[in-house]
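Undergrad: Letter by letter, the chains look like this.
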Amino acid sequence: MKKAPKDTRVVVGMSGGVDSSVAALLLKEQGYEVIGIFMKNWDDTDESGVCTATEDYNDVIRVCNQIGIPYYAVNFEKQYWEKVFTYFLDEYKAGRTPNPDVMCNKEIKFKAFLEHAMSLGADYLATGHYARVDHSGEEVKMLRGLDENKDQTYFLNQLQQSQLEKVLFPIGDIDKKRVREIAAEAGLATATKKDSTGICFIGERNFKEFLSGYLPAQPGLMTTMDGEVKGHHDGLMYYTIGQRHGLGIGGSGEPWFVVGKDLEKNVLYVEQGFHNDLLYSTSLIADQVSWISNQPKPQSFECTAKFRYRQQDNKVTVHLLEGGKVKVDFHEPVRAITPGQAAVFYNGEECLGGATIDQVFKDGTRLTYVG
Amino acid sequence: MERIYLDHAATTPMHPEVIETVMKQMSDTFGNPSSIHSFGRASRQIVDAARTSAAASIGADFNEIIFTSGGTEADNLAIVGTARAMKHRGRHVITSAVEHHAVLHTCEYLEKEGYDVTYLPVDEEGRIRLSDLASALREDTILVSIMYGNNEIGTIQPIAEIGELLKEHQAVFHTDAVQAYGMVSIDVKTEHIDLLSVSSHKINGPKGMGFLYAKEGLTLTPALLGGEQERKRRAGTENVPAIAGFGKAIELSMVSMEEKRERYLAFKEQLTRLLKEKQVEFSVNGSFERSLPHVINLSFPGTDVESLLVNLDLAGIAASSGSACTAGSIEPSHVLVAMFGKDSERLRNSIRFSFGITNTKEQIDEAGEALANIIARLTNK
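Chains as they are written, first to last, in the working numbering: chain A, 1 to 371; chain B, 372 to 752.
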């Protein structure tokens, strides 16, 4: 039996941004018993000595008082450090490009935080993600957010039935413009607040500077695949496949791009041209596979996939392998596949799940310079 | 849902008679106490009456009371004011690791100003050892600041013994009595206290009001400069309505002290008995002996402070961790760290209940019942 909204307690994860503010407002208007909770995952102070989390929490307080809901905070710094930040550093050490947002959703927001919400007697956890959950069928489905440009299912690909059953995404069926309008109409304090950009714990700071505070950088040579020296790199971890900016290679002709790395030799490979052939691959192997549905999957099936956030859908054939791995064959070659990033699978509007990109192939040959 | 307030160490509701006094003062007497006309004299009379009550409550003299904007200002004035006034006699200050932040952060400020500060450790009950104090004392020690009773765990420090120890030393003895005042009888003369901070809103008085007792003859460098109010130690027109209310709150709290002490001690025993009956696993942080009667700090293994407090609030029961918050999330208590070390489980599973004049036996029963249910749920029993 589904409970009436007024008997349904929903904890909203509030970041102090406009999306979660509107998520809480909409639930309150729908008659739910809403509780706003701010997660503190990172201890940080900006140049002027202001703790960014304190500023955000003050916005949560203002918005919750405007909506008329109680607000609290919870501290997951320890869990975030152990589960997300450690992974983040380990991946960089391994020469890969991690996706901490995927890990944060998997381990913190929809695990530790979900458990916290349940310990408060909540029926659901809601967040301001642009995604939809369909609770109507036997199994819960996750659908893309209606605002194609904002769809965040890519970051939510590791969620499972047991988590999604308890999740609501109140703004998944409206677009960002409408979210801002709703916030403005209600006079919410966060209506015109700037969206946060980049990785949450780095914020607006210089990425290189941040990372160098945690990992020793080893400068080395920057060469073409044939070994022609083109310059020096500041440390392999600062570069990702397909990257153009920050290489500092002058001269004429087409711009230069990162096509690969050799961790052992500490060499960064660069080649010319956005569409350089070396940037293209035809299949990959991914691990850490997680499917949203519990129903058994066929050994091979066709679907579409995204290999980075906001990428267009690529037609692929997925083959299940042993040990939680999949082989993904692309119907057309795809540019700049990057190990460490997520491969996320879709059937139309439905997000099927995802995996972490491990190895990259072209026509059956492993591209060892990529991963 | 009837809400139950068990966070009186954070702040207390104003006593109805205090509200009446403040209202009356606001409507009848608006004069500036420094003015030479009848309006001013009427206000001065009110301020003087409150000053007399404040002095009498701790065995001090009329001239030894400085009204401030609260406990924090009193602590700041005592510590910074003494450090500056005595800097030619030395630059060493002694305090304890379990002080309120109004004292700790002020001492940290002094360190940045070039003073040397010793933070005395405490035992598992949160009490300093006199031998530690004796060996920390130096020739150039100018100030010792040790709180009377702890706001998080209630532990009372050996104030009279410290006063005795410092009697022959140049060091000025300050005690932050914000949490203890009104719960224990204090006599600054027999306990050899030189400076003592009190806050009004902890004793059912108005917020934004407090006093610093400063022994006659002591030099303090003032923080606020301007007029000659408070004998030049705290410039600014007096907050007369709040002073009037504070005076009333002092009178009320002095006559009811004995009765409150017994009542709150009974609440402590009632609450712990109830938890035992419900087979809730817990331990007391601090002890019941030599402790403030209205503060009890309990550790509940297998729970976490944030879930406990939010669940209690959702059930209408207001309690606290007693420690500071950053961005709303609870920081590990420096008091519990000093008592049990930084790795102790107690840092994550302890909460404070503190009693006040409106609490009843029925409320304690109800709160204990709700607490037991929440803990059973959180520990899956």
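Derived by calculation from the structure, the hints in this document are not laboratory data.
One or more hints might be untrue.
[Claimed, not checked] Derived pair list, reagent style DSSO-like, types lysine-lysine, alpha-carbon separation capped at 27 Å:
hint	chain 1	residue 1	chain 2	residue 2
1	B	713	A	83
2	A	78	B	713
3	A	78	A	176
4	A	141	A	315
5	A	2	A	208
6	A	6	A	166
Undergrad: Hint by hint, say whether it matches the structure.
TA: Hints versus structure:
{"no.": "1", "hint": "713(B) x 83(A)", "verdict": "21 Å, holds"}
{"no.": "2", "hint": "78(A) x 713(B)", "verdict": "14 Å, holds"}
{"no.": "3", "hint": "78(A) x 176(A)", "verdict": "32 Å, violated"}
{"no.": "4", "hint": "141(A) x 315(A)", "verdict": "21 Å, holds"}
{"no.": "5", "hint": "2(A) x 208(A)", "verdict": "50 Å, violated"}
{"no.": "6", "hint": "6(A) x 166(A)", "verdict": "17 Å, holds"}
Checked against the numbered hints above, the structure violates hints 3, 5; every other hint is satisfied.
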